[in-house]
Amino acid sequence: MKLLLVEDNPGQAAVAQGFLSLGLPESEVHLVETLADAKTALAQGRFDLVLLDLGLPDGDGLEVLFSVDDTGLDVPVVVLTAQGEEGLGPLCIQAGASDFISKRELTMESLVRAVEFGVSRKSESIVRDLSRVVAELRSLSQSKNQDFSKRLETHYTRLITEARFLLSDEHKSLVTLMGEAKMTGTDVIGLHANCLETACREAEDGAESRYLMNCQTVLASTLAYLADYYRELS
Amino acid sequence: METSGLIQERAQLLAKFGNSPPMLAQVLSVYLDSWREDYEAFEQALTAEDLPRAAKKLHRLKGSVGYFATEDFFHQIQKIEDIAKEGDLEAARELRSSLQQNLEQAEVQLLSIRGSLT
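Taken in order, these protein sequences are the chains called F and Y. Numbering-wise (the numbering used here), the first sequence opens with residue 1 and increments by one. Numbering-wise (the numbering used here), the second sequence opens with residue 1 and increments by one.
Isolated chain F (complex conformation):
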């Protein structure tokens, strides 16, 4: 579990890190002290959750939460409120934070509970999204009995898991293969559903959400290339 701790007070950071190292020893905590550094860290690395102090040198209050939200990375945020900021806690929840904890009442148990809850809610949301996407794609493919070539599945799965292959010559070659096999759009959708499910099942921590975000581009571009292939044939 990879956590981003955004806290400019070294004493308070040490307490949070201490609690996490005791209560979640398997977690990896990355500490930054400013909102700017938090945004950079979020852009560069994948985090399972952000622990966010609302009083930073370059940001205050809800503005800080909104800034993290604006990165669009959909990472759960647990807000750490100071004395006098208790009223902000419920507002932060309404603004999308997973939870808030008063720093004055911070304990190892409350911090671990908030982190685990935030991370598990995110995982449940990913699983729900995946099930829905796969079910929709399968229904569109009309459950045809298809005899997919292993090589086709392997290469198609790479499009989902490795963004560098998207729109590449390899991608186009794969689509040519599909065209030569006279695959229809619904055949491709069925292939896509199977490969997406396999990729997500075998994904390392945090990769599932990336695959889900990329998969629609993979499907759209593959179908577009296939349409071009058939258009050129006719």
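Only part of the chain Y face toward chain F is listed, based on derived beta-carbon distances under 7 Å:
no., residue
1, 17
2, 23
3, 27
4, 30
5, 64
6, 66
Ranges between beta-carbon positions, derived for each pair:
no., chain 1, residue 1, chain 2, residue 2, range
7, Y, 82, F, 63, 20 to 28 Å
8, Y, 79, F, 22, 29 to 37 Å
9, F, 162, Y, 104, 56 to 64 Å
Over the 12 Å line for every Cβ pair with chain F, so calculated as not near, a few chain Y residues:
no., residue
10, 9
11, 11
12, 44
13, 50
14, 87
15, 88
16, 90
17, 95
18, 100
19, 101
20, 102
21, 105
22, 108
Hints are computed from structural coordinates only; laboratory data are not their basis. Please read all numbers here as calculations on a predicted model, not as lab measurements. Every residue, glycine too, gets a C-beta built ideally from N, C-alpha and C.
Model the placement of chain Y on the given structure of chain F, informed by the hints.
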């Protein structure tokens, strides 16, 4: 261990940190290494009559010592922070010396606790 109403009991602090003496010692060290810098920043702001800045520095200091402080000591710092936020320079100056005294006394107590952990 006598704490004179400023710092929580050693056992209480240890319990907060999973009864791990090394962990508590480490956290205490971070506070002990940094509190003076925060207090001096507060003093400088007060001398410059920059009360918003003084309040901010006191807020930071309060946050750091807060994990170890008793409720009374925490609220003492909170009171001075509130006074600074309200813009009452004279009142803030009057309370400055007792705050410094208490912070130094707290340091002694925390050093003693840290010493007992190794």
